[in-house]
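Just so you know, we're using our numbering here: the sequence shown kicks off at 42 and counts up by one.
If you're looking for bench data, these hints aren't it; they were derived computationally from the structure. From a predicted model like this one, the values you see are computed outputs, not experimental measurements. Treat the hints with caution; some may be incorrect.
To be verified - Taking lysine-lysine and the BS3-like style, the derived pairs with C-alpha atoms no more than 27 Å apart in a straight line are: (1) LYS251 / LYS210; (2) LYS133 / LYS218; (3) LYS189 / LYS46; (4) LYS46 / LYS74; (5) LYS210 / LYS223; (6) LYS128 / LYS218; (7) LYS225 / LYS128; (8) LYS66 / LYS133; (9) LYS74 / LYS56; (10) LYS133 / LYS56; (11) LYS202 / LYS74; (12) LYS128 / LYS251; (13) LYS46 / LYS66; (14) LYS128 / LYS202; (15) LYS210 / LYS56; (16) LYS210 / LYS225; (17) LYS189 / LYS133; (18) LYS46 / LYS218; (19) LYS225 / LYS202; (20) LYS189 / LYS223; (21) LYS128 / LYS74; (22) LYS225 / LYS133; (23) LYS225 / LYS189; (24) LYS128 / LYS189; (25) LYS46 / LYS202.
As the list claims (entries may be wrong) - What follows is a list of derived Cβ distance ranges for each label pair: (26) GLY59 / LYS218: 43 to 53 Å; (27) GLY234 / THR107: 34 to 44 Å; (28) TYR287 / GLY65: 35 to 45 Å; (29) ASP58 / THR227: 47 to 57 Å; (30) GLU204 / TYR307: 34 to 44 Å; (31) LYS189 / TYR307: 15 to 25 Å; (32) GLY234 / HIS297: 22 to 32 Å; (33) GLU254 / LYS189: 16 to 26 Å; (34) ASP100 / TYR307: 39 to 49 Å; (35) GLU254 / ASP311: 14 to 24 Å; (36) LYS202 / LEU130: 16 to 26 Å; (37) GLN222 / THR306: 20 to 30 Å; (38) GLN121 / LEU217: 17 to 27 Å; (39) ASN82 / TYR307: 11 to 21 Å.
Just so it is clear, CB atoms sit at the ideal spot from N, CA and C, and this is done for glycine as well.
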Amino acid sequence: MAISKWTGELDLTFKHDGRRTVNGKTYFQGGLKVIRPTYLNGSPHPTMFLINLGGGFVDGDRYRMTVHFEPRTHAILTTQGATIVFKTLEDKVEQYQTFQLDDESFMEFISDPIIGYSEAKFYQVNQFHLSPTASMFYTDILTPGYDKEGRQFNYHYLHLKNEIYVDEKLVVFDNLKLDTQKNKVTHMGYMEGFTHMASCFYISPGVNQKVVEAVQEVVTPYIDEHCRVGVTLLPTHGLTFRILAYSTDVIQRVIHAVHQYVMETYHEEDAQFLRKY
Numbered sequence: 042m043a044i045s046k047w048t049g050e051l052d053l054t055f056k057h058d059g060r061r062t063v064n065g066k067t068y069f070q071g072g073l074k075v076i077r078p079t080y081l082n083g084s085p086h087p088t089m090f091l092i093n094l095g096g097g098f099v100d101g102d103r104y105r106m107t108v109h110f111e112p113r114t115h116a117i118l119t120t121q122g123a124t125i126v127f128k129t130l131e132d133k134v135e136q137y138q139t140f141q142l143d144d145e146s147f148m149e150f151i152s153d154p155i156i157g158y159s160e161a162k163f164y165q166v167n168q169f170h171l172s173p174t175a176s177m178f179y180t181d182i183l184t185p186g187y188d189k190e191g192r193q194f195n196y197h198y199l200h201l202k203n204e205i206y207v208d209e210k211l212v213v214f215d216n217l218k219l220d221t222q223k224n225k226v227t228h229m230g231y232m233e234g235f236t237h238m239a240s241c242f243y244i245s246p247g248v249n250q251k252v253v254e255a256v257q258e259v260v261t262p263y264i265d266e267h268c269r270v271g272v273t274l275l276p277t278h279g280l281t282f283r284i285l286a287y288s289t290d291v292i293q294r295v296i297h298a299v300h301q302y303v304m305e306t307y308h309e310e311d312a313q314f315l316r317k318y
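Work out the full structure: start from the sequences and follow the hints.
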């Protein structure tokens, strides 16, 4: 049997059984695992927790995940806890995630923070392939990890690439790299004095400038000297919002407020509360 080049692999499929969304074909090996679906608060949509069995990413780790939402499926994905990237002196950690969303499917992906410890190098590539009638709500949070000297930005770099395709046309290419060795990430144009960042995408057929303005009203009460939020219409039926803050807690409150608003207003249901603490 050939040895996989991946530290961890996960393939996950959702299908509709005529009554609700169920977990279909599932495969995992190595450092990635998924807990069997839970239907929280009587929801017809399964929630699945993604687990890194090693407790964190280390030098040279390679992870691959593929998730397929068949037509009319709706599921919530979340991590079991924060993704910790430890010191990577020899080679970076890489993670590749591909999401296929078929007609009228909906993915909610609410992740815990990616925490870059001292001298960490992390590279993540996400590809989202959406049918024109599919929807998704996706989040990433980046935070600095422990440093024995108390420095806030002692990771080497955290690099996230997001490619969003609708009807197989590339509509969004988001390339976010916080490289502390090449750039002054605390300055204007990067973190602007803040320490924590979130990047979020909401794609759905009904999203337009009016939805962007409504989301701006939702986030306005959170904007002060401890938090900044920007909301932008994407060149498709979707929006993105970025959050800068000094703590994960503040970021998660903003994300939940937007998540709850769009679920209640445009999908006629509550957002699941997925905080782990």
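Violated constraints from the hint list, given by number and in increasing order: The structure breaks hints 3, 5, 8, 10, 12, 16, 30, 31, 33 and 37; every other hint is satisfied.
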